[in-house]
Amino acid sequence: MSKINLQVVLATCALSLALGTHAKDSPESKAIAALEQRLAALEQRVTLQEDIEKVRIVAFSYGYYMDNVLYDQVKAMFSPNIESCELAGYGVFIGLKGCSRMWTDLIGKPLGADRNQLAFGRLAKHYMIKDVITVAADGKTAQGRFDYISMGGTFGNNEATGSQIDVYNFGFVKEEGVWKIAKFWMAFDTINYNQRDWATNPKIRCPNPAVPPDAPPTFHHPFPETGVIPFHYPNPVTGKPVQAPVTDTRYWIGNWPGEFGKECGKRAEKLP
Amino acid sequence: MSKINLQVVLATCALSLALGTHAKDSPESKAIAALEQRLAALEQRVTLQEDIEKVRIVAFSYGYYMDNVLYDQVKAMFSPNIESCELAGYGVFIGLKGCSRMWTDLIGKPLGADRNQLAFGRLAKHYMIKDVITVAADGKTAQGRFDYISMGGTFGNNEATGSQIDVYNFGFVKEEGVWKIAKFWMAFDTINYNQRDWATNPKIRCPNPAVPPDAPPTFHHPFPETGVIPFHYPNPVTGKPVQAPVTDTRYWIGNWPGEFGKECGKRAEKLP
Amino acid sequence: MSKINLQVVLATCALSLALGTHAKDSPESKAIAALEQRLAALEQRVTLQEDIEKVRIVAFSYGYYMDNVLYDQVKAMFSPNIESCELAGYGVFIGLKGCSRMWTDLIGKPLGADRNQLAFGRLAKHYMIKDVITVAADGKTAQGRFDYISMGGTFGNNEATGSQIDVYNFGFVKEEGVWKIAKFWMAFDTINYNQRDWATNPKIRCPNPAVPPDAPPTFHHPFPETGVIPFHYPNPVTGKPVQAPVTDTRYWIGNWPGEFGKECGKRAEKLP
Chain F
80 MSKINLQVVL
90 ATCALSLALG
100 THAKDSPESK
110 AIAALEQRLA
120 ALEQRVTLQE
130 DIEKVRIVAF
140 SYGYYMDNVL
150 YDQVKAMFSP
160 NIESCELAGY
170 GVFIGLKGCS
180 RMWTDLIGKP
190 LGADRNQLAF
200 GRLAKHYMIK
210 DVITVAADGK
220 TAQGRFDYIS
230 MGGTFGNNEA
240 TGSQIDVYNF
250 GFVKEEGVWK
260 IAKFWMAFDT
270 INYNQRDWAT
280 NPKIRCPNPA
290 VPPDAPPTFH
300 HPFPETGVIP
310 FHYPNPVTGK
320 PVQAPVTDTR
330 YWIGNWPGEF
340 GKECGKRAEK
350 LP
Chain C
80 MSKINLQVVL
90 ATCALSLALG
100 THAKDSPESK
110 AIAALEQRLA
120 ALEQRVTLQE
130 DIEKVRIVAF
140 SYGYYMDNVL
150 YDQVKAMFSP
160 NIESCELAGY
170 GVFIGLKGCS
180 RMWTDLIGKP
190 LGADRNQLAF
200 GRLAKHYMIK
210 DVITVAADGK
220 TAQGRFDYIS
230 MGGTFGNNEA
240 TGSQIDVYNF
250 GFVKEEGVWK
260 IAKFWMAFDT
270 INYNQRDWAT
280 NPKIRCPNPA
290 VPPDAPPTFH
300 HPFPETGVIP
310 FHYPNPVTGK
320 PVQAPVTDTR
330 YWIGNWPGEF
340 GKECGKRAEK
350 LP
Chain V
80 MSKINLQVVL
90 ATCALSLALG
100 THAKDSPESK
110 AIAALEQRLA
120 ALEQRVTLQE
130 DIEKVRIVAF
140 SYGYYMDNVL
150 YDQVKAMFSP
160 NIESCELAGY
170 GVFIGLKGCS
180 RMWTDLIGKP
190 LGADRNQLAF
200 GRLAKHYMIK
210 DVITVAADGK
220 TAQGRFDYIS
230 MGGTFGNNEA
240 TGSQIDVYNF
250 GFVKEEGVWK
260 IAKFWMAFDT
270 INYNQRDWAT
280 NPKIRCPNPA
290 VPPDAPPTFH
300 HPFPETGVIP
310 FHYPNPVTGK
320 PVQAPVTDTR
330 YWIGNWPGEF
340 GKECGKRAEK
350 LP
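Residue numbers (our numbering), protein chains in the order written: chain F, 80 to 351; chain C, 80 to 351; chain V, 80 to 351.
Read the hints as simulated data drawn from the structure, not as lab findings. As the structure is a computational prediction, the values presented were derived from the model and not from experiment. Please note that the accuracy of each hint is not assured.
It does not matter which identical chain is used: a pair holds within one copy or between any two.
What the hints assert, rightly or not - Simulated pairs of lysine-lysine, DSBU-like, Cα-Cα distance not exceeding 35 Å:
(1) Lys-319 to Lys-188
(2) Lys-219 to Lys-154
(3) Lys-341 to Lys-154
(4) Lys-282 to Lys-109
(5) Lys-109 to Lys-341
Just need the whole structure built from these sequences, with the hints factored in.
As structure tokens, this is what we get:
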């Protein structure tokens, strides 16, 4: 073979080699592309699991900061775009402005809120139990339902010993990789459980005229009224939403639809 | 070189190329196969982590549905193959038929079970605490141990305020990708904790002759008797099973082995 | 072409083939190396998630073993290198020797510690709530903060019914793949909550002269004093440490810095 022919052979060989090894449809390239897709999908699943634990920490930190009246630490966890805050029958406070107003003007003053510190002689534990945390598939928002039971008391006053029994519905949002509180709602079952006369002399929390809300309460049916505090998630087996009926026997007035702004307290005529 | 020779060279080259690139034992193919195995193993580990959180939601949803007497929502979470249900000293109810019977005929009627709704004037919170959830290595079954403390009461009756203190042992099974309840057992420490005379006048729950079980209770040693409610999992450090002794001092009769079906209640002669 | 030339061509071809297919800088090899790195990083993230759940089980198992006075099971979970154990105002017990001494000589005797079994007629539930578990990035250590509320009582003595309210700060270490307890600290808010006169007659736990500690208590400010039981982790949103002020109003003596070993109990002059 001539020199030219040998060169042609080698060049063709090298070319075939190059084409063969780097062909987009080689089994290796296809296998690698498939692995990259599988790995990306698995990374997303792991991120969601990490998010559940991170949201759990935000939620429980809320509780610990409330125990200690560290309201600045609580407010630092609000998203700037927080939707609303609602507590008992005080009504809905909208946006960061409303939520800050609720935490500054409405709650915690007897406990030491003005000093960001639990006052001497007070106890106000916020237990958060049955933590159900769901993260949206796109990983940007989350929600949590928690039981809340408080244990509280005041030095020198044994009669003040009692518990609040409630359910929290929290919203969370992930902003720049950090999970924050996007919505706050605490709905009471009862406010003075275990006090000597709690079951004969239950209590309601009516809107405070000094700190009016931005909107009426969404749901406030304290004992002895009963109603399902709404679920943010479906039955995990059936996948269907859980209906949330309010038992139609009324004890209070001012807390039912259409009654906001009117008289609030015990109905004169109690229907069993 | 002749034409025939060139063709032979090129064909041999192409053949070598083909054999070389797609050789099963090429470093790339081996590396890809190893990656596929590692990824498959990691996918399984992630699935197990997801399963723990899914089982947590099933368990806590049980608690929330019980709080609201949404017994239909509870029953919807039973596996069709649920093994058994057991509560206090009422005995063991076997299979879906037995479990349905227990939830329909035995429990919750004063709370509103007939209407699937917590009755006016009642409170019955089911707190589930110290959630230990273990998923089997094959990912098909799981178990959970939970403390249970209830806070309950009745409108108009301050004396009725009290707590049940128990331990749940749940079994779970994954059917068609959905986690369901496969076994239910709630064992009481005490039924009337914090009522005025709970420590001098403890209570036992004997089998109900109107709703007889399918088998005797497995373990019912309410206060003041003590015994370790059995653990489903070993000590996490030693890996060894935790022994579950029952303290041999007896207060009750009817709850000890061999006594089922006979007299049930306080022993006449109390041994300290 | 001569035979020699053909052989040269084939050899060169095979060599090019070999060099081409196994070139370290081929796209496939680079892609495989990148996948291996991504997978290794993801494996670490999954390990950390598994570790959180494993630490959760160690922590809650501590609680369940304490409920049943299974102190041998608790001690089996101590790392041989456990740093220290501290409980209320009893002081700090250092190392495995100190921790064993604390669990053998200091606590639990009335409950049945000598027999490793909860005594007849006793109830001592340890509820662990608001579980915040953080695993270090290197996966070797972890920490956990938990609320603790006990429910306890004694057969025949209704007055003894009450709760301890505290906060646990645990350290954990992973040794040979097994998570163990590396540090134990339980700080009291109050010791006799819900007893009839708890708010007028609070209690303190002073060092026990029969079981002296190895070092003074780090923090013991029981009700009515208040102070933030220190946080091991920063605010999850700001990333900044949470300050832990102690309210400067004093009720007790013996528990403040510099007072260890001196008189311990209620101050004669109470400043409001």
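* To do: Give the relationship of Lys-219 and Lys-154 under a CA distance limit of 35 Å: within one copy only, between copies only, both, or neither.
  => both (20 Å within a copy, 33 Å between copies)
* Indicate which option fits the pair Lys-109, Lys-341 if close means a Cα-Cα distance not exceeding 35 Å: within, between, both or neither. => Classified as neither; 70 Å inside a copy, 72 Å across copies.
* Go through the copies and call it for Lys-341 and Lys-154: within, between, both or neither, with a Cα cutoff of 35 Å. => within (31 Å within a copy, 42 Å between copies)
* Status of Lys-188 relative to Lys-319 across identical chains (alpha carbons, at most 35 Å) -> Between. Shortest inter-copy distance 25 Å satisfies the 35 Å Cα cut-off; intra-copy 42 Å does not.
* **Same-copy or cross-copy closeness of Lys-282 to Lys-109 [CA-CA at most 35 Å]** => So Lys-282 and Lys-109 fail the 35 Å test inside a copy (68 Å) and across (69 Å) alike.
The structure fails hints 4 and 5 (numbered hints given earlier, in ascending order).
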